[in-house]
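Please build the complete structure, drawing on both the sequences and the hints.
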Amino acid sequence: MLYKGGSGVYIEKGMLPEEERDSMTYSFALQMDDKVIDTIYLPMYIAGNIASVDRPIPLEADPAKSTAKAAVHYELLPGAIKANAFVANFPVVVKRTPDLKEQEVRLYLHMGANQYFSMDLKYIYDVNNYDYSPDYVIRINDILKKPYGWEGDDSYMASFFGSYSAAKYKFIIKATGKPNWPDSSPGKDIMYGYYIQVYDALQAYEKLHGAMYDENGEKVQLPQR
1328 MLYKGGSGVY IEKGMLPEEE RDSMTYSFAL QMDDKVIDTI YLPMYIAGNI ASVDRPIPLE
1388 ADPAKSTAKA AVHYELLPGA IKANAFVANF PVVVKRTPDL KEQEVRLYLH MGANQYFSMD
1448 LKYIYDVNNY DYSPDYVIRI NDILKKPYGW EGDDSYMASF FGSYSAAKYK FIIKATGKPN
1508 WPDSSPGKDI MYGYYIQVYD ALQAYEKLHG AMYDENGEKV QLPQR
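The numbering used here puts the first residue of the sequence shown at 1328, with every later residue one more than the last.
Don't take every hint at face value.
Stated by the list, open to error - Simulated pairs of lysine-lysine, DSSO-like, Cα-Cα distance not exceeding 27 Å:
no.: 1; residue 1: K1472; residue 2: K1505
no.: 2; residue 1: K1515; residue 2: K1501
no.: 3; residue 1: K1515; residue 2: K1505
no.: 4; residue 1: K1428; residue 2: K1472
no.: 5; residue 1: K1505; residue 2: K1340
no.: 6; residue 1: K1428; residue 2: K1497
no.: 7; residue 1: K1515; residue 2: K1497
no.: 8; residue 1: K1534; residue 2: K1497
no.: 9; residue 1: K1546; residue 2: K1473
no.: 10; residue 1: K1472; residue 2: K1546
no.: 11; residue 1: K1422; residue 2: K1472
no.: 12; residue 1: K1473; residue 2: K1362
Just so you know, the hints here were simulated from the structure itself, not pulled from any lab data.
And the structure:
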């Protein structure tokens, strides 16, 4: 990646999963019930030269667009590019509140400018000019949503995990450590690896506790593969 213009800092969206390049969803419903606060780290890179001093990152919320409330749903912690560094992680704290069970809130983030970063950036990919968007959206909720990749009996998630239930989905997330699933299959080999993780975890659970039942009273089980 080449650039022209002054010094700048930007969210390195290429370091994020493809489905999170422009926005992401954080759901407390995918976490343990006692988890009331968490921190999201956004990868930051500089354009231009390193500096001999720490440089604050001018990432800020856009209150006109955001429905998330500062100090209630989120907190932006101080973030900086350290002296002689060109990368950093910017911390965004998200908070669990009762209203998130009823509605999702959105935090619109915008990269501003300060005395260290002028932000007049222009990025060039091959022969095509591309104006970098300094904006990013974090959606926050406490609602367990069925992944789009689980829609329909012939979906890739149904193929590997069977019928959907919230209890099964939470167990899959816990077994795989993967809270976000893409709309389309990442590949049969990758999915089979996830299937084995869930299968082994379910076998271990049943040895200790007996059968697992979901919110509908149905036994949680996986298709034979």
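Here is what the structure says about each hint:
1. K1472 x K1505: Holds. K1472 to K1505 sits at ~14 Å (cutoff 27 Å).
2. K1515 x K1501: holds, 21 Å
3. K1515 x K1505: holds, 16 Å
4. K1428 x K1472: holds, 11 Å
5. K1505 x K1340: holds, 19 Å
6. K1428 x K1497: Between K1428 and K1497 the Cα gap is close to 16 Å, so the pair holds against 27 Å.
7. K1515 x K1497: Given that 27 Å is the threshold and the Cα spacing comes to 21 Å, the pair holds.
8. K1534 x K1497: holds, 19 Å
9. K1546 x K1473: holds, 18 Å
10. K1472 x K1546: holds, 20 Å
11. K1422 x K1472: Measuring from Cα to Cα gives roughly 19 Å; hence the hint holds.
12. K1473 x K1362: holds, 21 Å
Consistency note: the structure conflicts with none of the earlier hints.
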